[in-house]
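Chain A is fixed; fit chain B onto it per the hints.
Residue numbers (full-length UniProt numbering), protein chains in the order written: chain A, 1 to 294; chain B, 1 to 289.
Certain hints may be false.
Claimed, not checked - Computed spacing ranges between beta-carbons, pair by pair:
1. A/L259 with B/R193: 49 to 55 Å
2. B/R193 with A/L48: 54 to 60 Å
3. A/E52 with B/A279: 48 to 54 Å
4. A/P206 with B/V267: 31 to 37 Å
Just so you know, these hints were derived from the structure itself, not from any lab. Backbone N, C-alpha and C fix where the C-beta goes; we use that ideal spot for every residue, glycine too.
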Amino acid sequence: MLSYWRQYLAISPFYLIFLGFSFVPVFYSLYLSFQRYDGLGTKQFVGLQQFEFLWSDPVFWLSIRNTLIIWVLSTVPTLFGALVLATLLHSVRRFKGFYRIALYVPNVTSIVAVAIFFGAVFSNDFGLVNAILGTVGISPVPWLSDPWLIKVVIALLMTWMWTGYNMIIYLAGLQAIPQSVYEAARMDGAGPIRTFFQITIPIMRPIILFTVVISTINGLQSFSEPQVLFASNAANQNLGGPGQAGLTTLLYFYQSAFLDNDYGYGAAIVWAFFVLIIVLVVINWRIVQRGRKS
Amino acid sequence: MTTAVTPRPDTGAKRPRRPKGLSPHLFLVLAVVISVFPFVWTIVMATNTTRDIYKSPPKLTFGSHLLENIRGVLDTVDFFGSMLNTIVIASVTTVLVLFVDSLAAFAFAKFEFPGRRILFGTLLVFMMLPLQLAVLPQFILMSEIGWVGMLKALVWPALSNAFGIFWLRQYIENGVPDELLDAARIDGAGFFRQYWNVALPMIKPALSFLAIYAFVGAWNDYVWPLIVLTNPEHVTLQVELAQLNVGHNTDYSMVMAGVLMASLPLVLVFAVFARGFIAGATEGAVQGS
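Extracted from the complex, chain A is given alone in its bound form (with noise of 0.2 Å):
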């Protein structure tokens, strides 16, 4: 052991801050969600209480019924549209460069921006959004209110911030495939729907997995969109919008670990809401993988 110093060394800065400031805090968590806590007295251990109150807390399930509808409407879209994107970016041989910087360029904004900018494009009111349809004289569209509006509108925003990041992933697939597959399909006299259907997918799978469980985990996480939108902060406790139909599992975390400072329920959702992710990962992961037999 001790001939190795070195690279124990070379290792250690980043394990040691590694375990300081994400291992131990990760369990620490858990054994939190076992207490109850508000942060300056002591320490109560109440067992599985906090789970117990989760499970029939109304507003953690219309929280997660909401995580998980932005999560779908953003997802599907964000994946089909950077396929379809990366296809004809790959079929084409002029501009290339261009199009993949401007196209990749939402994604290096911050949420925050992008969050006020729609906010201000879609605002009831007087947004750009509503301005536009009232000029082909449509009524103005209750964008930032109505409950499913809301999901659509943040569902939009992820949609335009992940697109060309999952473009630039496909796009990466789908140079790696020789081009020769392609020329023996189109001697066999394949079109090009089929051979994206027959060829480009099967060969991408590996990817398209890839890119179904980072959307998952990222896109489950959505807090800061609904967050910024809503303008809520401490005097403003009205999370999520009207009907809090805005307010995701994490927003709803913040609100009882940091505004509520109740620690040990706080614990106790994220630790749920974990479970929940590792649950769809799996699920999801089955479902790509068990087409790869049929």
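What follows is chain B alone, placed relative to chain A:
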């Protein structure tokens, strides 16, 4: 599709396959318009008055009120103060991430040592965990050691990012030949000289990608600063921006001027380094799958 498949005349020429009918450029340009529109519209809003934008039909062209709106931002919040905070945090974080991650990645990529697999495996598992699991204890930790409200409370947790190590290790494994390290060893270079003089210069592209990745991440971070920077003097740009947006009578032109001022530096940096960055991002993603 009901289109009859007509056998194509084989001209023998090597032409890329091309969808029939409309050019792909048409769709791509449309996508670019959607992608870029928010940036353009942000500038339109920031250069007009809120009243001009919100009348019907709205004003769709650039106006001349940009300076006025910028002054509004500067009067409302301490914009440059928070920008300075953000620059400091993002730069310090980036430099430390590069150093800490590359050192560990080098050891993982090129040396055998007991526990290597387990240690690295732990990283991979943690990369999958949602960061929010750790947020609450991190905050408790910060209040225990008295860092709440201080800028260093942002830097340290950002350093425990496993992605950098995972990504650099891959790059070093393929990009730094063993022969070169052997040669250096024969010349008497020890572990750290091999790292500093041989490996580091060879992984510059990977380092510059990770630098932009870390910088952009630190610049755009919102949740953690919102939670931990309770001191109004030490707010970051994103928190300040969100602050601008709060209130019942929002002056949207002014807010958009703020959004513009906060986004422009980053978009410019991205535009300059975009090629290398995108190439790096795909490399990690495709190999990582």
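Where does the structure disagree with the numbered hints, that is, which hint numbers, in rising order? none
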